[in-house]
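> Those protein sequences? They're chains W and U, same order as listed.
Going by our numbering, the residue at position 56 of the first sequence is 190; the numbering climbs one at a time, nothing skipped.
Going by our numbering, the residue at position 55 of the second sequence is 143; the numbering climbs one at a time, nothing skipped.
Calculated directly from the structure, the hints in this document are not laboratory data.
Note that the coordinates shown come from a computational prediction; the quantities given were computed from them, not determined experimentally.
Idealized CB from N, CA, C, for every residue including glycine.
There could be a bad hint or two in this list.
[What the hints assert, rightly or not] A partial selection of chain U residues facing chain W, derived with a Cβ cut-off under 7 Å:
| hint | residue |
| --- | --- |
| 1 | Gly131 |
| 2 | Tyr138 |
| 3 | Gly140 |
| 4 | Gly196 |
[Said to hold, decoys possible] Simulated restraints, written as ranges between beta carbons of each label pair:
| hint | chain 1 | residue 1 | chain 2 | residue 2 | range |
| --- | --- | --- | --- | --- | --- |
| 5 | U | Met99 | W | Lys187 | 38 to 48 Å |
| 6 | U | Glu105 | W | Ile211 | 40 to 50 Å |
| 7 | U | Ser119 | W | Lys191 | 18 to 28 Å |
| 8 | W | Pro195 | U | Ala159 | 28 to 38 Å |
| 9 | W | Arg148 | U | Asn146 | 47 to 57 Å |
| 10 | W | Gly174 | U | Pro128 | 17 to 27 Å |
| 11 | W | Leu175 | U | Gln157 | 22 to 32 Å |
| 12 | U | Thr148 | W | Ile211 | 39 to 49 Å |
| 13 | U | Pro118 | W | Pro195 | 36 to 46 Å |
| 14 | U | Glu105 | W | Lys147 | 22 to 32 Å |
In case you want the letters, here they are:
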Amino acid sequence: DVKVTQSSRYLVKRTGEKVFLECVQDMDHENMFWYRQDPGLGLRLIYFSYDVKMKEKGDIPEGYSVSREKKERFSLILESASTNQTSMYLCASSLNRARNSPLHFGNGTRLTVT
Amino acid sequence: AQKITQTQPGMFVQEKEAVTLDCTYDTSDPSYGLFWYKQPSSGEMIFLIYQGSYDQQNATEGRYSLNFQKARKSANLVISASQLGDSAMYFCAMREGQGAQKLVFGQGTRLTINP
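Only chain U is shown next, with the shape it has when bound in the complex (with noise of 0.2 Å):
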């Protein structure tokens, strides 16, 4: 079964828009961390944005927010003001359980910014 799940292959959106890309995720383990990362068509991977599963409030990072609803296994990612350069390919990924490394990613979602 897909642990990340991102239903969106692809989005486009007007540039100033706010803009949510959609995750879900699936463990039994109470104890895990979400992370979101952005992949520019020059390949680097980019870290975003972290929630843990006990943190209280929503996590943001500047124009980043994370809507996290945990009865709902689901972690978005909100973008405000949407600009040309945040054109990319968005991940999500977790990583579940006390002490583990290994992170695991969704399929990803494509955003296109159009002026």
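Next comes chain W alone, as it looks inside the complex (with noise of 0.2 Å):
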């Protein structure tokens, strides 16, 4: 089975903190994605990669940045945390381009900002 672990279940931190959440996938997927969780708004895309070096920007990439530096860890970075950014974060990996690859999630990152 694929595992996607997410490095912090609950965070919280203080408005115009830098804050850094860690997702390891551990298939040799190639492509690896963050989203952001609110209610009534479903899952909305800040950043994926589809290589070591490689980011595209999502939907929603304001306030945030990501780093790949190696092919199984994806980081998302809030440079300076505002209480907007208070949310669920969830890390997913895909094997591949194919239409039909599905993402694999992690158990999600619930990130408050006060």
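Using the hints, build the complex out of the two chains.
Below, the structure written as structure tokens:
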């Protein structure tokens, strides 16, 4: 089974702090993704990566950056956390570009910015 | 414009009944894939079923089936013989175009199974 591991289940940070969310997958998947989930809005894509050191903006990249230095690891960075970034953050990976390749998700990190 | 629309914010169903969760989508690309995910209260997203735009038959996976009506751009999830453990959020998602990686999700439907 694919395992996608997010380093923290819960995080509480202060406004203005730099925040790192880490994600590791163990199945040599090409693609990795960061989504945020908010009630009534579903999942919205922040950034994704299709290869090491490659990244593409998703639908809501403002206020975020990402890093993929190794194939198995994809980090989401909040340069200066704000209260409107309080949310559930979900990391996912997929094997390749095949249309039927599903995303496999981690358990999520619930971030609260105070 | 919304790419994926799930019009039922919440549904309540008696145990053992069948349930249909609605999903409509919007794309002009002839090549796309549709996915359904389940998210229990524990939070993990579980992949349930996939339907490709060129697939001739409706997808099935155990108690899950997908009622795919291409002309109407709908991909409803049908759960047969519902169980208490089916209570969860359900999300419909689409990947459009050849070689595309990202999935676009709907807002979700919260399904509650009553004993």
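> Which constraints among the numbered hints does this structure fail? Numbers only, ascending.
The structure conflicts with hints 13, 14, although it agrees with all the remaining ones.
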